[in-house]
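Take the given structure of chain A and dock chain B to it, following the hints.
Just so you know, the protein sequences line up as chains A and B, in that order.
Each residue of the first sequence is one higher than the last, beginning at 1 in the working numbering.
Each residue of the second sequence is one higher than the last, beginning at 1 in the working numbering.
Worth flagging that the hints you see were computed from the coordinates, not collected in a lab.
Since the model is a prediction, treat every value here as computed from it, not as a measurement.
Glycine is no exception: its CB is placed at the ideal position from the N, C-alpha and C atoms.
Incorrect hints may have been included.
Stated by the list, open to error - Label pairs and their in silico Cβ distance ranges:
no., chain 1, residue 1, chain 2, residue 2, range
1, A, Ala28, B, Val179, 35 to 41 Å
2, B, Gly197, A, Asp145, 57 to 63 Å
3, A, Thr287, B, Pro289, 40 to 46 Å
4, A, Arg281, B, Arg281, 41 to 47 Å
5, A, Tyr286, B, Asp145, 45 to 51 Å
6, A, Thr17, B, Gly197, 57 to 63 Å
7, B, Ser10, A, Gly180, 51 to 57 Å
8, B, Ala28, A, Gly255, 35 to 41 Å
9, A, Arg133, B, Glu88, 36 to 42 Å
10, B, Glu88, A, Asp11, 34 to 40 Å
11, B, Val179, A, Thr95, 31 to 37 Å
12, A, Arg14, B, Gly107, 41 to 47 Å
Listed below are the residues making up each chain.
Number of protein chains: 2
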Amino acid sequence: MTDAPPSPRSDYDRAITLRPTTTPGRYAAEFSDQWLIGSAVNGGLVMALATTALATRIGEVGGHLDPIAFSGYFLTASQPGDVVVDTEVLRSGRTLTTGQVSVSQPGRGGIPVERMRALVSLGDLAASAVPIRAQAPPPMPPPEDCVSSSEQRPPGLEASALLDRLDLRLDPATAGWAVGRPSGRGEIRAWLRLADGREPDPTLLLLALDGLPPVAFDLGIQGWAPTLEFTAHVRARPAPGWLQLRVTSENLSGGLMEEDAVVWDSTGRLVAQSRQLCGVRVPDGYTVPG
Amino acid sequence: MTDAPPSPRSDYDRAITLRPTTTPGRYAAEFSDQWLIGSAVNGGLVMALATTALATRIGEVGGHLDPIAFSGYFLTASQPGDVVVDTEVLRSGRTLTTGQVSVSQPGRGGIPVERMRALVSLGDLAASAVPIRAQAPPPMPPPEDCVSSSEQRPPGLEASALLDRLDLRLDPATAGWAVGRPSGRGEIRAWLRLADGREPDPTLLLLALDGLPPVAFDLGIQGWAPTLEFTAHVRARPAPGWLQLRVTSENLSGGLMEEDAVVWDSTGRLVAQSRQLCGVRVPDGYTVPG
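In isolation and in its complexed conformation, chain A is listed as follows:
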């Protein structure tokens, strides 16, 4: 017999587990090396952890618990190790509670280095009515007819632990970049679920929105595309099962591109959308392929 809470069975639930601290609104957590993409902890996980912390804080004082809008500014790359999450409730209204979250890790000499700061509005997605207007999901072959990223790893990301956490199936029509034939259209479509079968919820959608390879790959631009700013809108609670995703980009200039993601659940309902501004290293003499 023990009074310890049961250990979460899901990798994801373990990764967003928070411990209270003696400072009001402050929580402690740990980033494991199981969520690395390249040399940094996946930004989607940082966003999910931040949102969980704010919802925990709001739950203590009473308020809304589902993420509705999330804007995160990424300041430095997150690393495996100790994490501190500071939360502040800015306003509690009738339908929304808005707060601020700061994610930091100890740097040299233990001095905190801020990884991400975010503004977040939480509400109640159960109150969401049937959508009046919504983007329909694009036609795609079923997951079993798509390209599994565990078989066909993106160039340069072969050893990324994040890809072992996700079951990612790329639409063959938008996966040419994985075999050296980027389309130049700037679009990647995929099915996504957690590899351990843990079902999606509103907070996990933040991870999903940032879970696909950089859309720059479909423009023939390799390498890491660090997120500077990421804003997500969660529109409904996802049904169990696969999530369907589409990421696109229309504007690339000055070493920056926008990347728009949309997520539909297994019933075809639009459940979240996002836009991020990310950095890209455009090779000299680059021209858009296709």
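Chain B alone, transformed into the frame defined by chain A:
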């Protein structure tokens, strides 16, 4: 003879004029009734003021001065009167400086009430190269063949002072809602400039992105559409002259809709884009027109 600085000739420059205070990073300003839309000060002006304050702060310590990414969460409606803007620099990097801004006004008993909190990254738009990919502006009749909002005021906004500050010309193809015939497509296109002829700059683009009537009007939904969250990306310095705008929406559910805006300058170059999440009051028994 006087030592007072020259009064800005432009209404807009007067509206974003800041006074230093004795508190580091804090500035004072005033909202006039000249920027009211309905019963609140226009959110675009709040964003432009916040960005100006952060750029002023960063200018004092050295850093980047052009807005690149801006995410504002609107907490309460701004009113004419005294304003306090608090700024905090979070990180100064090689290409970007990121900070936080809080805009507040004195409430009952002088207790500050926060109007908006924002995260902002600033950089140097002069470094922006020729765009590699960019959305092209839609074909539109020239401003002189469009519908002037000073002649045809949106229903319910006939007396809004903001409309006197702007020279707004609606594309007749997307202005049916102004005469009771919304298209149901969820799109409004327009030309925009300041009525006093003040030329656009990067910070003014934040005002422009929020300067059109709510796209809900084109869905036949009247009334105020309060912004909950607004994120803008500024991609280039605008050339002098008219700005061309398009706002669209694809998703409406649970009393919330996203509104995407794109701005091109007079040379047809994409200079900024934004997405906001706003509240809409959908009438009982509503169906999308058209």
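Evaluated hints:
no. : hint                            : result
1   : A:Ala28 x B:Val179: 35 to 41 Å  : violated (60 Å)
2   : B:Gly197 x A:Asp145: 57 to 63 Å : holds (59 Å)
3   : A:Thr287 x B:Pro289: 40 to 46 Å : holds (44 Å)
4   : A:Arg281 x B:Arg281: 41 to 47 Å : holds (46 Å)
5   : A:Tyr286 x B:Asp145: 45 to 51 Å : violated (39 Å)
6   : A:Thr17 x B:Gly197: 57 to 63 Å  : holds (58 Å)
7   : B:Ser10 x A:Gly180: 51 to 57 Å  : holds (54 Å)
8   : B:Ala28 x A:Gly255: 35 to 41 Å  : holds (36 Å)
9   : A:Arg133 x B:Glu88: 36 to 42 Å  : holds (38 Å)
10  : B:Glu88 x A:Asp11: 34 to 40 Å   : holds (35 Å)
11  : B:Val179 x A:Thr95: 31 to 37 Å  : holds (33 Å)
12  : A:Arg14 x B:Gly107: 41 to 47 Å  : holds (44 Å)
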